[in-house]
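Chains as they are written, first to last, in my numbering: chain A, 6 to 535; chain B, 6 to 535.
Source of the hints: derived by calculation from the structure; they are not laboratory data. Hints may be right or wrong, so weigh each one.
Each pair may be met inside one copy or between any two copies, as identical chains are not told apart.
Said to hold, decoys possible - Once the Cα atoms are required to be at most 27 angstroms apart in a straight line, the calculated DSS-like pairs of lysine-lysine come out as:
(1) LYS370 - LYS166
(2) LYS266 - LYS388
(3) LYS467 - LYS127
(4) LYS61 - LYS219
(5) LYS219 - LYS339
There are 2 protein chains.
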Amino acid sequence: MEHRYELTIDKILTASVRNNPDQIISYQGKESITYEKFNERVYNLASSLIKLGVQKGDKVAVLDWDTNRYLEAYYAVPMSGAVLHTVNIRYPPELIYYTMQHADDRYVIIRDEFVPLVAQNKALFSFVKKWIIYSETGKVPETLEPGVNYDTLVNDEARIKLPEINENSIATTFYTSGTTGLPKGVSFSHRQIMLHTLAATSTLSDPPISLNSKDVIMPLVPMFHVHSWGMPYTSIMKGMKYVLPGRYDVPTILKTIKQEKVTLSAMVPSILYMLITNPDASKILADNHMKIIVGGGTLLRGLAEKARTLGIETIAGYGMSETAPILTLSTFTKRIIEMDDQKRTDYRIKTGVPISLVDLRVVGKDGKDVPRDSKTIGEIIVKTPWLTDEYVKDSEGTEKLWKNGWLHTGDLAVLDEYGYISIVDRERDAIKSGGEFIPTLILEDLISTAPGVNEVAVVGKKDEKWGERPIAFVTVTPKFNMEEVKKHLDTYVEAGRVSKFWLPDEYRVVKEFVKTSTGKIDKKPLRENL
Amino acid sequence: MEHRYELTIDKILTASVRNNPDQIISYQGKESITYEKFNERVYNLASSLIKLGVQKGDKVAVLDWDTNRYLEAYYAVPMSGAVLHTVNIRYPPELIYYTMQHADDRYVIIRDEFVPLVAQNKALFSFVKKWIIYSETGKVPETLEPGVNYDTLVNDEARIKLPEINENSIATTFYTSGTTGLPKGVSFSHRQIMLHTLAATSTLSDPPISLNSKDVIMPLVPMFHVHSWGMPYTSIMKGMKYVLPGRYDVPTILKTIKQEKVTLSAMVPSILYMLITNPDASKILADNHMKIIVGGGTLLRGLAEKARTLGIETIAGYGMSETAPILTLSTFTKRIIEMDDQKRTDYRIKTGVPISLVDLRVVGKDGKDVPRDSKTIGEIIVKTPWLTDEYVKDSEGTEKLWKNGWLHTGDLAVLDEYGYISIVDRERDAIKSGGEFIPTLILEDLISTAPGVNEVAVVGKKDEKWGERPIAFVTVTPKFNMEEVKKHLDTYVEAGRVSKFWLPDEYRVVKEFVKTSTGKIDKKPLRENL
């Protein structure tokens with residue numbers, strides 16, 4: 006009992022850095038450091054933070070694109086005993102201020118280009134004790150005080166001993182991108198992150214991802230967004246080459262994929278869409294045979310098929326800010342492995358099956374598990390070792406989130422005969438028509454495969470008779486023909502796969518969709534313009 | 006903080022059985038059950054044990070070959086709150102009695118063929134409250150009282166609720182096969198086993214094992230021996246088809262490998278040797294392209310090369326009873342992946358690199374890490390989350406095991422430039438000659454590749470001038486020629502890879518080696534006959 010081993014984030018580095026000291030962490034292919042050097046910088050930074058005055062439990066915020074410095078903070082801040090606050094830099098300024106103030110951020114690591122955003126409202130940020138500023142040029146702006154140069158901290162080798170940390174100490178915090186109401190804060194302990202990392206690496210070894218240390222990863226999930234789905238931790242534990250894209254810019258991303266020979270990525274559907282529709286994409290992507298995990302929105306069949314033509318293996322993943330995030334992946338279970346490849350496609354785009362250690366149920370209003378009939382809709386509820394204990398300073402929200410020891414996701418899903426779940430709606434997006442749910446995600450999935458359709462969103466319009474009726478919004482190519490789309494859907498009605506009653510009353514072509522800060526289609530403005 | 010998730014063994018089943026209900030557990034290919042059925046039987050058994058009177062912390066022993074019933078006990082006993090004692094059935098009867106009495110076994114699950122062994126000394130086992138007996142025929146012997154039929158327990162569906170278990174509760178206990186002195190007891194908590202399982206599955210996804218749920222595993226490490234290296238837990242977590250060999254018998258094993266299409270196994274070198282030298286082996290093994298983890302003894306180059314000619318990928322693993330057991334695996338790190346296949350062979354047979362979460366050092370007498378020079382010998386010391394806290398009722402042994410927060414393995418090793426360790430000796434097997442170590446394992450490795458040599462063991466003979474000098478014992482084929490072997494070794498001396506001073510003074514041909522209960526060559530009788 007005396008030889009307690011705390012599950013703290015530094016333990017990810019122990020075996021990995023020792024075994025792969027010369028493995029590479031690359032920033033846009035223009036700056037590279039080895040794991041060994043990275044490890045040194047992380048320990049220097051953690052030690053420097055403490056020397057600067059950071060105390061156990063203090064919140065240290067980061068405002069940055071996806072850079073190697075951000076990756077350093079992912080380790081160094083929790084290792085110093087402090088809490089890493091990954092600020093959503095896609096928020097409007099007032100929400101950036103709101104979340105930083107709500108989180109009680111005391112220290113802020115900030116990239117030079119975000120300094121003006123803060124400096125013009127300096128007085129608001131009086132709760133910040135110290136700004137830790139970096140610039141790729143080495144010369145940092147002096148408009149924020151008191152400030153210190155990040156490079157000084159990370160190069161200070163006069164290290165002090167890091168504190169012992171209990172595994173249940175909070176390591177990270179961030180805010181949901183909630184499309185309704187104010188963002189809600191969630192937080193995760195060292196133990197929760199470590200178990201998430203272990204379970205994810207354990208499950209991802211299954212086909213078709215078959216994760217292993219030969220893979221070169223470039224995550225395209227912003228680092229401010231739910232631990233970049235855990236990849237800063239999982240990939241380093243596996244000893245993989247890690248490529249950071251910086252600010253997302255499609256030509257730079259494609260160039261970097263080519264130069265660094267990236268084999269693995271993860272992203273929301275809209276980023277995948279932007280990548281594969283880029284004119285230069287086909288040549289670059291076809292060479293790399295990439296594997297891409299798509300989450301944060303449904304992986305529509307049309308998009309998966311387009312990606313397939315470029316030699317890209319896609320699988321779906323599902324989780325949320327409250328769940329660290331991974332709950333399910335559409336990796337193949339025994340029954341799917343035994344199918345022929347054509348049939349497997351259906352499973353790649355399902356929301357997946359629970360990963361190791363995840364206890365997941367889909368329950369009806371009566372609290373009972375729904376049958377595995379691909380039809381009956383229920384809410385996903387979960388127990389895993391990596392769920393946020395609460396919304397920060399929000400006991401009412403917390404009470405709704407946790408009921409009877411289960412975290413209630415608010416996501417509606419059906420279960421198929423093999424246990425794969427398919428999310429059919431967010432509870433708040435669901436269309437209730439004539440007393441029944443019309444699953445918008447199923448409609449969006451089918452419409453996405455019609456000729457000429459690029460992106461699609463279905464929302465409910467108030468209706469006197471039915472309560473609500475579905476309206477489909479689409480962005481299109483010149484090939485688009487409304488009658489063809491309707492015929493396309495009719496074939497699914499005839500095949501008995503969708504109910505006639507589900508078909509949208511109306512299709513509207515729009516030039517583009519408004520996206521949320523995490524790149525999902527924002528349905529709010531669509532509903533407001535009905 | 007209220008939503009605590011305990012890392013208990015039942016959690017392995019949760020996602021895995023849900024996702025793969027029809028995956029198969031096969032006993033010698035003659036009895037098969039699905040994961041779903043297995044899960045039911047496990048829950049029935051756990052519940053029945055409690056109804057029988059088993060209380061939290063009670064020791065429940067198992068005496069069995071590697072059967073599906075044993076696998077059920079691996080889960081059900083800890084899930085009932087009790088402690089699984091995996092009794093070494095290869096011990097002589099007096100040690101079986103000694104360890105069961107030392108462990109305070111209260112309930113015993115026993116296969117019919119082991120009943121006579123106990124029944125003839127019934128009086129000695131008065132500490133046992135109940136014998137839980139099974140027979141493949143269904144008819145159990147009545148010579149042990151009070152007895153109950155295992156089948157009754159496992160089929161009792163009138164389940165009671167299982168108790169909540171704290172993850173730090175002891176789940177398993179067993180005794181070392183120590184070749185000197187009395188066996189020592191070690192024990193492991195639910196948490197330790199769960200973290201071992203997660204880290205092992207995470208690491209084994211690397212090449213050349215590339216573990217995934219498509220693999221069909223048949224472990225050939227006895228289930229009484231260090232959790233069968235964790236495979237009863239890792240393989241089920243991964244949702245793999247699991248094949249149990251029963252009592253080890255080479256023809257049956259080969260037949261089962263063929264019938265069940267086994268792709269993955271793990272075993273000690275002597276079992277691998279027996280398998281590949283069987284006349285029927287080549288055809289069967291060549292078809293399956295098996296991957297085999299070899300541990301519990303050094304994987305000699307000659308054996309690895311022979312296996313390779315049958316299309317078998319071998320890697321080495323290292324651990325001990327005190328470490329649950331896995332510490333290192335010779336899976337490929339970045340530098341090895343980049344090598345050509347020929348060069349990689351050297352790394353497959355090294356003792357390997359630490360797996361995730363393992364902090365491993367090789368330290369000299371001065372307590373400092375040895376250089377990565379493949380020459381300097383030090384002791385392996387470790388910190389991981391799955392080390393036994395103590396030897397049961399042995400504070401003196403415990404004190405020697407744990408010093409300054411590090412578990413001292415007593416194994417001597419060198420480190421190469423890429424961080425791979427190679428064990429050169431057990432501390433107690435080491436030959437000290439002229440004040441310097443002669444690494445017997447390196448000699449055994451080289452001798453094993455000489456023509457005509459089957460198995461080899463090098464031991465130290467007392468010597469007036471040098472203290473000790475090495476003597477080599479070999480089993481041989483008709484091709485064996487002593488002078489050829491000496492010439493073979495001379496080439497390594499000339500190449501500067503071994504010191505002339507290490508060469509054995511003498512070679513002795515023996516008919517066969519005495520093996521320990523876990524199948525390793527027992528050096529004790531060799532030393533006694535010098």
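Hints versus structure:
1. Taking the shortest Cα distances, LYS370 and LYS166 sit within 27 angstroms of each other only across copies (25 angstroms), while inside one copy they are farther apart (53 angstroms).
2. In this assembly of identical chains, the alpha carbons of LYS266 and LYS388 never lie at most 27 angstroms apart, being 37 angstroms within a copy and 36 angstroms across copies at closest.
3. Taking the shortest alpha-carbon separations for LYS467 and LYS127, neither the intra-copy value of 45 angstroms nor the inter-copy value of 81 angstroms comes in at or below 27 angstroms.
4. Taking identical chains as interchangeable, the C-alpha atoms of LYS61 and LYS219 are never at most 27 angstroms apart, the minima being 37 angstroms within one chain and 45 angstroms between chains.
5. Both within a single protomer and between protomers do LYS219 and LYS339 lie at most 27 angstroms apart by alpha-carbon distance, with minima of 24 angstroms and 7 angstroms respectively.
Comparing the model with each earlier hint shows violations of hints 2, 3, 4; every other hint is respected.
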